[in-house]
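Protein chains in written order, with the working numbering: chain S, 36 to 148; chain A, 137 to 251.
Since the hints were made in silico from the structure, they are not lab data. Glycine residues also receive a C-beta, built at the ideal position from the N, C-alpha and C atoms. Please note: incorrect hints may appear among the correct ones.
If you want the footprint, here are the derived chain A segments under chain S, 3+ residues with CB under 8 Å [what the hints assert, rightly or not]:
#1 175-189
#2 238-249
PhoX-like cross-link-like pairs, simulated, lysine-lysine; straight-line CA separation at most 20 Å [as the list claims (entries may be wrong)]:
#3 S/Lys-135 to A/Lys-201
#4 A/Lys-193 to S/Lys-135
#5 S/Lys-135 to S/Lys-95
#6 S/Lys-112 to S/Lys-91
#7 A/Lys-238 to S/Lys-135
#8 A/Lys-207 to S/Lys-135
#9 A/Lys-238 to S/Lys-87
#10 A/Lys-207 to A/Lys-193
#11 A/Lys-193 to S/Lys-91
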Amino acid sequence: GDSVTQMEGPVTLSEEAFLTINCTYTATGYPSLFWYVQYPGEGLQLLLKATKADDKGSNKGFEATYRKETTSFHLEKGSVQVSDSAVYFCALSDHSSASKIIFGSGTRLSIRP
Amino acid sequence: EAQVTQNPRYLITVTGKKLTVTCSQNMNHEYMSWYRQDPGLGLRQIYYSMNVEVTDKGDVPEGYKVSRKEKRNFPLILESPSPNQTSLYFCASTPSSSGQGKTQYFGPGTRLLVL
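Excised from the complex, chain S in its bound form (with noise of 0.2 Å):
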């Protein structure tokens, strides 16, 4: 069936740094991918998302691109801040019921000041 894979956290990065989160999917067909992040005691939130190859998401410096070819959809962000502490989701949904969401296990990641 669908899966999502997500490198394992924590990460934990200096105010200012690079950061990029890899994940990989498997599915049949073409599904929509996300990433979701989750602040500490809140739900999730979307973060950004891409419906189609080579549609980039984008949305508060983060970004990703759907790589078919690499079944990959890495977040990446320039500089990270300390707001950007928070568990971060890659989450596909499947083309045949396109409101079920598969969720990788999550990224908890940490800004040091």
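Chain A: place on chain S using the hints.
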């Protein structure tokens, strides 16, 4: 304000004592879903509902029930909770069950401890 609300936010109970976690959304969304979040496992879908009176099992439905009598409400019922249901639970809603790329809107979560 468009939102998904859950109650209670925190709950401690004992094995076998029936409980209900409520979920309500004010966005007129057709699709609603329940997830549980456990360390190292991400979010796993428990049940979902594509519209009123239409519900189906997700990936981990054992020990749970749901109902969808009204569009806005989707309660999660644990008839006889057990310690392995200790988890963080999220309700989510989506505008429609069709079409890719639809964003899910999550509630704030309910942290449940079953002793």
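Hints and how they fare:
no.	hint	result
1	175-189	holds (count 8)
2	238-249	holds (count 7)
3	S/Lys-135 to A/Lys-201	holds (18 Å)
4	A/Lys-193 to S/Lys-135	holds (11 Å)
5	S/Lys-135 to S/Lys-95	violated (25 Å)
6	S/Lys-112 to S/Lys-91	holds (13 Å)
7	A/Lys-238 to S/Lys-135	holds (10 Å)
8	A/Lys-207 to S/Lys-135	holds (18 Å)
9	A/Lys-238 to S/Lys-87	holds (13 Å)
10	A/Lys-207 to A/Lys-193	holds (18 Å)
11	A/Lys-193 to S/Lys-91	violated (33 Å)
The structure fails hints 5, 11 (numbered hints given earlier, in ascending order).
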